[in-house]
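**Student:** Residue numbers (our numbering), protein chains in the order written: chain L, 68 to 818; chain X, 68 to 818.
Which copy is meant is left open, because identical chains are indistinguishable; a pair holds if it fits in one copy or across any two.
Straight-line Cα separation of at most 20 Å, SDA-like style, residue types lysine to any residue; simulated pairs: (1) Lys658 to Arg728; (2) Lys405 to Pro748; (3) Lys646 to Arg720; (4) Lys631 to Gln557; (5) Lys540 to Lys646; (6) Lys163 to Glu140; (7) Lys540 to Ser655; (8) Lys785 to Thr680; (9) Lys117 to Ile454.
Source of the hints: derived by calculation from the structure; they are not laboratory data.
Protein chains: 2
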Amino acid sequence: MNSKIKITLLAMFFIVFSCKEKPVEIDKDQSDNQGHPSLILTKSGVEKIKSHLGSIPIFDTSLENTKEEVDAEIALGIEVPIPVDYSGGYTHVRHKSNMVVLQKAGVLYQILDDEKYAKYVKDMLMQYEALYKTLPVHPKTRSYARGKLFWQCLNDSNWLVYVSQAYDCIYNYLSEEERHTLETNLFRPFADFISIGNPQFYQRVHNHSTWGNAAVGMIGLVMNDEELIDRALYGIKGVNLDKTAKDDDGGFLNKDGKAGFLANIEEPFSPDGYYNEGPYYQRYAMYPFLIFAEGLHNVKPELKIFEYKEGVLLKSIDALLNLSDADGDFFPLNDGQKGMSYYTSALVTAVDISYHFGTQDPGLLAIALAQDRVLLDDSGLAVALGIKNGKTEPFRKKSINLSDGPNGKQGGVAVLRQEAIELVFKYTGQGSSHGHYDKLSFSLYEDGEEVIQDYGLARFVNIEQKGGGNYLKENKTWAKQTIAHNTLTQNEVSHFGGKYEVGSKYHSELHFYDATNPHVQIVSAKEANAYPGTQMHRTFAIIKDEDFEKPFVVDIMNINSENKNQYDFPYYYLGQIMKTDFEYKVPSELKPLGKSFGYQHLWKEAEGKPASTNAKFSWLNHDKFYTITTTSDATDNLILARIGAEDPEFNLRREPAFIIRRHAKSTTFASVIESHGSYSPVTESAVNSNSNIKELKVVLDSDLYTAIEITTVNGNTKLFIIANRNASKVATHNVKIKDKDYQFTGAYYFK
Amino acid sequence: MNSKIKITLLAMFFIVFSCKEKPVEIDKDQSDNQGHPSLILTKSGVEKIKSHLGSIPIFDTSLENTKEEVDAEIALGIEVPIPVDYSGGYTHVRHKSNMVVLQKAGVLYQILDDEKYAKYVKDMLMQYEALYKTLPVHPKTRSYARGKLFWQCLNDSNWLVYVSQAYDCIYNYLSEEERHTLETNLFRPFADFISIGNPQFYQRVHNHSTWGNAAVGMIGLVMNDEELIDRALYGIKGVNLDKTAKDDDGGFLNKDGKAGFLANIEEPFSPDGYYNEGPYYQRYAMYPFLIFAEGLHNVKPELKIFEYKEGVLLKSIDALLNLSDADGDFFPLNDGQKGMSYYTSALVTAVDISYHFGTQDPGLLAIALAQDRVLLDDSGLAVALGIKNGKTEPFRKKSINLSDGPNGKQGGVAVLRQEAIELVFKYTGQGSSHGHYDKLSFSLYEDGEEVIQDYGLARFVNIEQKGGGNYLKENKTWAKQTIAHNTLTQNEVSHFGGKYEVGSKYHSELHFYDATNPHVQIVSAKEANAYPGTQMHRTFAIIKDEDFEKPFVVDIMNINSENKNQYDFPYYYLGQIMKTDFEYKVPSELKPLGKSFGYQHLWKEAEGKPASTNAKFSWLNHDKFYTITTTSDATDNLILARIGAEDPEFNLRREPAFIIRRHAKSTTFASVIESHGSYSPVTESAVNSNSNIKELKVVLDSDLYTAIEITTVNGNTKLFIIANRNASKVATHNVKIKDKDYQFTGAYYFK
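Excised from the complex, chain L in its bound form (with noise of 0.2 Å):
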């Protein structure tokens, strides 16, 4: 019998003896009634849980997954090793499963009224306890702020956040002296170290930091520490940092020396709940924000912190998941990487809390449903009643505008839907240290699957082979550039420069939004400070019309310069080309499109130029065809490009564009874009493959209007006319186009 077998049966022994001596202990210790487990369980709940265990399928099954799980972990014994690694290395596994399990357990022994759970988590605690009071600053530097378990604060405030409600479920288990052990050995310092031991992670406006305040604040929450819960709430009392200090990210450590979780909650979310870096990282920031809201809720209710800023936590958890496509995935804004969806853990949290504590809405019971799976707490709870009830329904997303900035008043993100077709418009602000120089860009969806792609971020997030997992450098030199959007690059530098700070203080304008015309869904907004001098205004609109198959798009970007550019102006289209109505040339050789801003990225892989007015580009996706028609002038030069070029590691998917170049001061680039018909490889037949637009023209582009003629292939017209100075709702124009008088009120006209 080897050693490690033999700890094991002695703790085994224990176990047993433990089950024989120590009920009559627990009940004393509930009947105290000194208010645990208190932060995400309550005992009201844990009782009201109880009594429907057995009848409520998808909590009875999400239980039965964590009991099988949590037991396959105390199956394998406690570990708690001497940290040593970066992220996806041993040490940080382990650390990271250990956290995640304990809350489980935690949970289980409150449900459950198993004792062994408890003495796991307790057990595990106590080598912490051993463990942490040795522990140096973690040995891997990369890191701004380092932790002691993790190389990095962050991963440290994660443990803390996950432990706090295991100490929380168990704290009526254990003795006053051993209460006392862990909270001055383990939580008090632990919490002490995250925060003043590191004010540059903890004393900002970031989703670090909201991880940090959470951690702090729950701990404290637990031991009913006021000292560590004003930190959490308000930050750390007397410290402020540098406002140019600059993070590994590139972004300002703390610009305004705002600080805690309100300043938190307060300063990246809009009044709509929109999260400043994008639904990527909103999804990230979004299990502290509402774990430990949920801990203030029920311990400082009078806080009413699920009422702060009108309710906004509650609010961006709707923001959230109508920034996903028909498949739940989150538009890849800024630095997002794709696949992530509402399947991810913290969107059940998010799911169960805003079901929970907001109107109960019967969408979010179909999302449950979707997910599997309900967090095992009051909330999960509610939902799996409402589920057992039969209150679900579908979760429809409609069109959506929601304002960025703290105050809504700088830009937005609008999601226009029609039937399958989705198109996301971004005119917001820089969107902190991971925003991308992407001005007023957009990407198309239909059915859920990307038709005209946001490249998203370049990183393989936990992938160890590539870069560690960490940010690539193609990040800065092709994601985040203005080239790799589908928007407006002009002369070939990226918005404001590709400088950050300028970039920082400027936002995109919303023109107007209206989404109350059931065939025109719509939204314009503008951008006057990307490039000093010239003044860019889009307008998308989503246009349902007997004459067409599907929804079609009008993409209208007017430009206004004194200065003669080059504009590079490209649809980063997914698929393969069908046809195009111009001719090109495809070089023997491939170089690069440019030197810089992203452009040395790009292959150059054919340049044409206009056959006529019009430029037709056609292309098939997932067995649906795709044509742009846009409105062209005589020199424009039409590029196919791919990306890849400079790419020593790649790093980058080899993924294509159309490239509209133009040389002009003041131009608009019009464009339609449609989706037609279908092809299948089963039975061979393409139906619909061809454009329905015969001509597409602009009939008018003043300072005030701007109106597209569209023809059919059947000769039929449709005009589109957009006022660019007045969108109020109730004026009224009267527009000369050919001789002919159109009037209309609002902002727009389609006939």
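Model the placement of chain X on the given structure of chain L, informed by the hints.
**Tutor:** Quick look at chain X alone, frame taken from chain L:
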């Protein structure tokens, strides 16, 4: 009231009128017992179907769907336009649709006893009769055998195969005079035109001719015309074509002078049922083979057509189903379009007929269920009853080896299967005019997704924008060439110099195939003629071993040559490069890899040298990690290439390859391909993302044996030995490696 409406009302009046009057006449006709229907439906079969209607769900649904479809067509009215278009054009599509609707309406008349269907068929046939007698040869001139209704005789034959069935169904509904009119002016001249009128189309062994034979034969069976039946079975008497002439695709028109339906079964099918052009064309040819066979079985049972050539027709269905991946998609060998699957309607015919006339394999019922429809005939009824009676079992695909050639002596195709991994190894003959120069090539699948791809064809079938939906010139310049495949190219020239006449003389030879060991699925074959003076011998094994997470692939290519050559050995992986263990340089401009034999279509994206005696290449595809570990020589060039050079119409997919280039005389490429671990973009966790192999060594490479040693990262070693000469199962071998003796019986050793 315009004249069209008048005519419709008039027609309706007649329908109503005839409904009142005709039933008597029908009964009279049926009581004549003239033996109709007899072709696909039979009188007794129809009675049996009627007796089960309403209680056989999959049949009832298929019937309901057919009824809806035909009723909608009847409502639209009959249209028989003057033929003018190529495939995809209006008149082509209309006549194609008419033939299908006619066949279905005929069946509905029989099963539902509703005269409106018979009347519809009769009316349309009469319009065809009126039109056909006026028709010259089709105005479009592209085909080597122009039809009359369509631009090629092939489509005219399709039409007659379907319409014969419709005629059979309403035979007794028609007066003798009506039948005489149709047969004299439509059917007989139609059959003569596609046969006697076009011997270059009809008098061959080719899938086109199979359609022609079936068309002539089926109408012959309905008309009881022995001359036509004879012509269908044995070809046109006394007609012999120029044996050296070639068709549009570059294939010989009729090298051996054989013709007729039986020769078309004899020649292309091997005794195992493999069709020499590959599964994509077999799928296309399947319908006329089987539907005419069913007709022959019913009308001329004495022919015992399903027993012909030891039952090869039914065997061929089993072979075809086994030549599909886990999703039912056919492996795109030769000119195969990806995405074609057993969901195509020809395979509904195949599955139902195989079940009914074969051994009632319960696995076929699972495929029928997936297809979600059955034929509306005796065989469809048999399937529906089988399903209803709970006989369905999963269709389990195992490793399979299929011989090629009329006598099964011209090489073959093997599919090795182990858990979710499928490997397709091609060592066939040339594969007629649709064959590729790809001796000893392979492709790899996991979970039905391509991992290492066969490119398939360069064509977008029926997509008019892409070269009229026909073969693109890149099919010859790229898709058929050797370098487009995962096999050896010597000195940048394709196998057989890319010459069809040469390739058609030869085939590879099976060394051995053995799927009896559940841990080692293995196949080995040799090719001596692709490059005169060079022998190739390739062995694949999928090995399931406890030291590996999943089954891994061993790939050994022995090359024997007395001359020094350049060997290019590509792997067309799909996905994103994760890591290589060798350094490589990416050029600042891309140049094609060569000038001809497909090399002109490859961009050289990077080039490097091995860092050691192994080269390792890892990638991520569909959230799974893969690694090729290959033994390397210090002078090897490791090339990363991408398809797409010299592609002026963007006809090719921009997909990548990892190419090992070696200059040597005799040499061995020994590689292991691992699938390992997974990545989730939702949890952002990468599991088992590294190869399990520390080192791969060729420890013996003689004329008699090749042995490789695999050392895992844990330091365990595995030895794999293959006998290069004597592959007998009972042969005993004694091999000395590093002074150690290994004894084994059979063709290989693994431990």
